[in-house]
Amino acid sequence: VRGAPAIAVLAALLPVSIGGGILVGAVPLAPGDVFGALVGTADPSTTVIIRELRLPRVLAAALVGGALAVAGTLLQGLFRNPLADPYVTGTSAGAALGAVGVIALGSDLAATLVPLAAFVGALASALGVWQLARLGGRTTVLTVLLAGIVLTSFASALVTLLLFASDRLALRLRAVLDILTGGVAVRATSEVALAGLIVGCGVGLAIVLGRRIDAFAFGEETAATLGVDPERTTIAVIGAAALLTGAAVALAGLVGFVGLVVPHALRPIVGATHRTLALASFFAGASALVLADLGARTLFAPAELPVGVVTGLLGAPFFLLLLVRARRRELA
Amino acid sequence: MTRRIVLLLAPLLFLLSCVPSASPAPPSAAPAAAASAAAFPASVTDFQGRSVAISKRPERIVSIGPSNTEFLFTLGAGDRVVGDDDFSDEPPAAKTKPHVGGVKVNLEKVVSLKPDLIVTVKFSDGTIEALSQSTAAVLVVDPQNAADVARTASLLGKAVGADGDKLAAEIQARLDAVKAKTANATKPKVFHEIDASDLTKMYTVGPGSFIDDLIKLAGGTNIAAAAKSQYPTISAEEVVRADPDIVVLADSAYGTTAEAVAARAGWSALSAVKNKRVYPVDGNLFSRPGPRLGAAAEAYAKLVHPELFK
Numbered sequence: 005v006r007g008a009p010a011i012a013v014l015a016a017l018l019p020v021s022i023g024g025g026i027l028v029g030a031v032p033l034a035p036g037d038v039f040g041a042l043v044g045t046a047d048p049s050t051t052v053i054i055r056e057l058r059l060p061r062v063l064a065a066a067l068v069g070g071a072l073a074v075a076g077t078l079l080q081g082l083f084r085n086p087l088a089d090p091y092v093t094g095t096s097a098g099a100a101l102g103a104v105g106v107i108a109l110g111s112d113l114a115a116t117l118v119p120l121a122a123f124v125g126a127l128a129s130a131l132g133v134w135q136l137a138r139l140g141g142r143t144t145v146l147t148v149l150l151a152g153i154v155l156t157s158f159a160s161a162l163v164t165l166l167l168f169a170s171d172r173l174a175l176r177l178r179a180v181l182d183i184l185t186g187g188v189a190v191r192a193t194s195e196v197a198l199a200g201l202i203v204g205c206g207v208g209l210a211i212v213l214g215r216r217i218d219a220f221a222f223g224e225e226t227a228a229t230l231g232v233d234p235e236r237t238t239i240a241v242i243g244a245a246a247l248l249t250g251a252a253v254a255l256a257g258l259v260g261f262v263g264l265v266v267p268h269a270l271r272p273i274v275g276a277t278h279r280t281l282a283l284a285s286f287f288a289g290a291s292a293l294v295l296a297d298l299g300a301r302t303l304f305a306p307a308e309l310p311v312g313v314v315t316g317l318l319g320a321p322f323f324l325l326l327l328v329r330a331r332r333r334e335l336a
Numbered sequence: 012m013t014r015r016i017v018l019l020l021a022p023l024l025f026l027l028s029c030v031p032s033a034s035p036a037p038p039s040a041a042p043a044a045a046a047s048a049a050a051f052p053a054s055v056t057d058f059q060g061r062s063v064a065i066s067k068r069p070e071r072i073v074s075i076g077p078s079n080t081e082f083l084f085t086l087g088a089g090d091r092v093v094g095d096d097d098f099s100d101e102p103p104a105a106k107t108k109p110h111v112g113g114v115k116v117n118l119e120k121v122v123s124l125k126p127d128l129i130v131t132v133k134f135s136d137g138t139i140e141a142l143s144q145s146t147a148a149v150l151v152v153d154p155q156n157a158a159d160v161a162r163t164a165s166l167l168g169k170a171v172g173a174d175g176d177k178l179a180a181e182i183q184a185r186l187d188a189v190k191a192k193t194a195n196a197t198k199p200k201v202f203h204e205i206d207a208s209d210l211t212k213m214y215t216v217g218p219g220s221f222i223d224d225l226i227k228l229a230g231g232t233n234i235a236a237a238a239k240s241q242y243p244t245i246s247a248e249e250v251v252r253a254d255p256d257i258v259v260l261a262d263s264a265y266g267t268t269a270e271a272v273a274a275r276a277g278w279s280a281l282s283a284v285k286n287k288r289v290y291p292v293d294g295n296l297f298s299r300p301g302p303r304l305g306a307a308a309e310a311y312a313k314l315v316h317p318e319l320f321k
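Going line by line, the protein sequences match chains A and B.
Count the first sequence with our numbering and you get residues 5 to 336, in order.
Count the second sequence with our numbering and you get residues 12 to 321, in order.
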């Protein structure tokens, strides 16, 4: 299978990235102590710091990166557009609106309902983009992006409105700010377990849907003649992307460009077959965000940057490059 | 939009002061001795080192900053306060005065109240300069620590024609009494939590803040005593490493409870959690360096050393 060696390498790289991720944190620890905490020979507070604080955070970063990269793969396949990802299509913004809305309702509810609300928000905006983008019968790069901009602006306006209207949000401003700037935050290990479950389902769904998305590459009519129901497949793909985006936003807020860059960079290496691309994207996206989070924590230590700043700084120029290339191709 | 939110975030600590109080009103400090007209004209030096001339007894005072409002009422000048800020809520009468804004001061509203004295906390957005354009005397009074509180009492007393030195001495006596009681006690480690929305960047108190002073007076050791700012951030990793004996939740108004703290990943290992010494506190009493600082020190000491304050 084309891409199998690449997937093996990426899968092997993930534990290495995670190992690097847990070496650095607010409390300086020698690598020997970090290892000791993992095998249970370190002192109690070091063990708590590594096992209950640092490792869950790094695993959360891996899940977020993997989820966004797979969601990006799905959306790029669906829109037959290499410029699509949860961030630029407004799917993330919809998820953030859902999460902020739940926080506005009450902190007691928030912990359990945030992933659900984020999923609902992501689903609504992904469906919205899809409807907007196919107005006039055909989806172009530009209509997808414009629809994404519209939805992102709308969701942002609603979030700001909520901020002004809700006294509770005024007091929980930092929680909202964390969602909008993107930063991996873990309050309880159960959050990571729940996200792992959701992301696992989303990735599984992406792999199952891979063949049908491949058929989409030739257009919906061709797909139909290949025995793929375009309507149902589209809904399933959007559902899976929303599931993955919702889980990612619930854990880390708005983290841009991972979903865009990772599948795009991998396509020349593992090919455009969505089954392999999704799997490779998961491992590569997971490593990428673990390393970006490591950078966010170390670049200006002891201050921590939001990880969204790091991915934005790296991803935005890459996105521009793609946009310029896509325009040239359209004009050529 | 992010910019707006950053702007909103800046006064977060200020917002803490608008948390409704569950405690009864403080015992009404006897209005200081009635001012004699002979006290004016007076000249006072404010917190920005400016020498301000006050020609006659101020009759229309605008107070900006909850601690300033509380001081003015305690000094017996409450009936001369014609306006205060949105967050001034102590004593309850402060809430019924016309408000001139909070995070952002409404200059037109201030002028319309025709003040002859404006007492305000520090602003860096040009508010002070704009207020100084009016005919009123403008005093910048911005207490940050325990020493500032005595200074504020004396300064405002002189400005409004009341016995501020007496109030300063009363507050100082209560602080000294608490200090004397805890002087030889053990010094348990205290983590004072202001905001824990993000457990990697929680807000706490550092040197130079009045709460750091309260922890010391109460006979505790602030785990962030070595921080570089008054309101530094701290990571859960550092809290676990420091292993506080006591956790004080000044963010209880956000819904943070002892149970929620125990449920945080890794926190069940803390001595404070194991020994059930996680205390939600009335944010109002501990949110401002005002005339109730003596009462705040006593309340804090009761948390840290319950055996000494029965």
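Watch out, some of these pointers could steer you wrong.
As the list claims (entries may be wrong) - Computed, partial: chain A to chain B, Cβ under 10 Å:
| no. | residue |
| --- | --- |
| 1 | R58 |
| 2 | G187 |
| 3 | V196 |
These are computed hints drawn from the structure, not numbers from a lab.
C-beta atoms are modelled at their ideal positions from N, C-alpha and C, and glycine is treated no differently.
Hinted contact A/V196 with chain B - closest CB pair below 10 Å: holds (9 Å)
Status of the A/R58 interface restraint (C-beta, 10 Å, chain B): This interface hint holds because 7 Å falls under the 10 Å limit.
Interface restraint verdict for A/G187 against chain B (beta-carbon cut-off 10 Å): The hint holds - A/G187 has a Cβ within 10 Å of chain B, the shortest such distance being about 7 Å.
Going through the hint list in order, the structure satisfies each hint without exception.
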